[in-house]
Amino acid sequence: MPSSLSPIDFGIIGIYLIGMIAVGALLAKRNTNAKEFTAAGGAMAGWVVGLSIFGTFVSSISFLANPGKAYADNWNPFAFSLSLPLAAYFAAKYFVPFYRRSGHVSAYQHLEERFGSWARFYAGVCYMLTQVARMATIMYLVALALAPLTGWSIHWIIVGTGLMVTAYTLMGGIEAVIWTDAVQSLVLTLGIFIALGLILFQMPAGPMQVFEIAQEQNKFSLGSLSTSLSQSTFWGVLLYGTFINLQNFGIDQSYVQRYITAKSEREAVKSVWLGALLYIPISALLFLVGTGLFSFYTAMPERLPAGLAADEVFPHFIVTEFPIGLKGILIASIFAAAMSSVDSSLNSSATLVFEDWYKRLFRASPTERQAMRVLHTATLVFGLLGTGAALAMIGAASALDVWWKLAGIFSGGMLGLFLLGILTQHRRSTFPPMAALWATLVSVVLIVWLSLSQTELWPAALDDYRNPLHNNWTIVLGTTVLVVGGAMLSSLLSKKPIRSGGE
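Numbering-wise (the numbering used here), the sequence shown opens with residue 535 and increments by one.
A couple of the hints might just be wrong.
BS3-like, lysine-lysine: derived pairs with alpha carbons at most 30 Å apart [to be verified]:
1) K563 / K893
2) K893 / K569
3) K797 / K627
4) K627 / K563
5) K569 / K627
6) K797 / K603
No wet-lab data here; the hints were simulated from the structure.
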């Protein structure tokens, strides 16, 4: 496939990619011990950590998929972003102080202290499986978008992206992740503004025509305000977003690690609010890009080939409407959205292997050389796993569907287990660990049924037992059942048998 890029565009992309590798190489000299590699010595400023959190939020999934959703439908998914202030409030008030004072780099060490080693192992495995699936989906989606723009093979884009992100993460550790994420967040924001500007100022009747057409077609709707559980309503997405964002801020290793890297609790709190409050307007702009594309091609339908899927419209616009030079910046933005998420998954997963497995099962007090060898090896292995899984996704009917199903199953019960530990803290000495174990098992079974019964994997003979609810409710119900069930089981299991008067 021939490339639509000029040498200038390729030059811009090359400068960006070389710059990311250079950051990792420059910071490699500082990463001589495990504390630097996993926590940056606890000396990072809140503003750069906040930009890093924001950059991780805007993965290529949202960068490419959100415009597609707004183009095809409306702003209903934006309700997800509106849940962020509540999650950020809980993170700033409870999660950040909790993790900062615990002194643990691992997000799951406290689960072992509350419920036993099984809880820490379970949460760690679920997290790492989720991250491999996430890295694969992100790299596959970015390759799918960039292949028609660059003329490069999807396979080579995946391999190249995986190698570059693994390289600078391996060299620079969490500090390289944070600094590159901060830069990437600015690059991807620039790309969004450029795309929006080109849409608005190429409208035949001027920029306001975008809003006039969109308003006529009700494209700014946030969704139905009904209480239906089988459709994607405003309330359903808002509640789903609340639970997902509580999970991100409360028990996601990549977020918890960032809290530890900040030089003080105040700086960590600042980073949470900065990351959350930046994402809300930027996600709105991404949806506006999709809405703008709808208006653009409604006004000029001859510019849009027939049969293009909603997710393919934005890449088509880049190919046909972006001038030389700006294409390179936009493609660098797409790379930035992907790399800022994949590097976080790599470093956080390697940290968990070191903290939760190696130190606990093999060497409680390893030498710095042993620690760095484990961290480097784990980073490389996860880079290979993510890249391999992305290659395996090629040809999937819907990478997004695959991601949501895997994420729903792999993250099953993690938020509920964390909240159960927090909410029963006052009963720490009397809470029976078996209550948490049984509640987790019930929650996982429920989540697997909710997720798989809506797919083709579900046996036809069991059609009467398919999940009738919208998939937004999977994490809501799974978490609620675990917390409520765990609390009820703890009351039953902790009751002492009543003795008769003669005994």
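Status of the hints after comparison with the structure:
1. Of the supplied pair hints, the one linking K563 and K893 holds, its CA atoms being roughly 24 Å apart against a limit of 30 Å.
2. At roughly 14 Å between alpha-carbon atoms, K893 and K569 fall within 30 Å of each other, so this suggested pair holds.
3. Taken as a hint, the K797 and K627 pair is honoured in the structure, with Cα atoms around 17 Å apart against an allowance of 30 Å.
4. Our distance criterion of 30 Å between C-alpha atoms is broken by K627 and K563, whose separation comes to about 35 Å.
5. The suggested pairing of K569 with K627 holds, with an alpha-carbon distance near 25 Å, which does not exceed 30 Å.
6. For the hint linking K797 to K603, the alpha-carbon distance of about 39 Å lies beyond 30 Å, and the restraint is violated.
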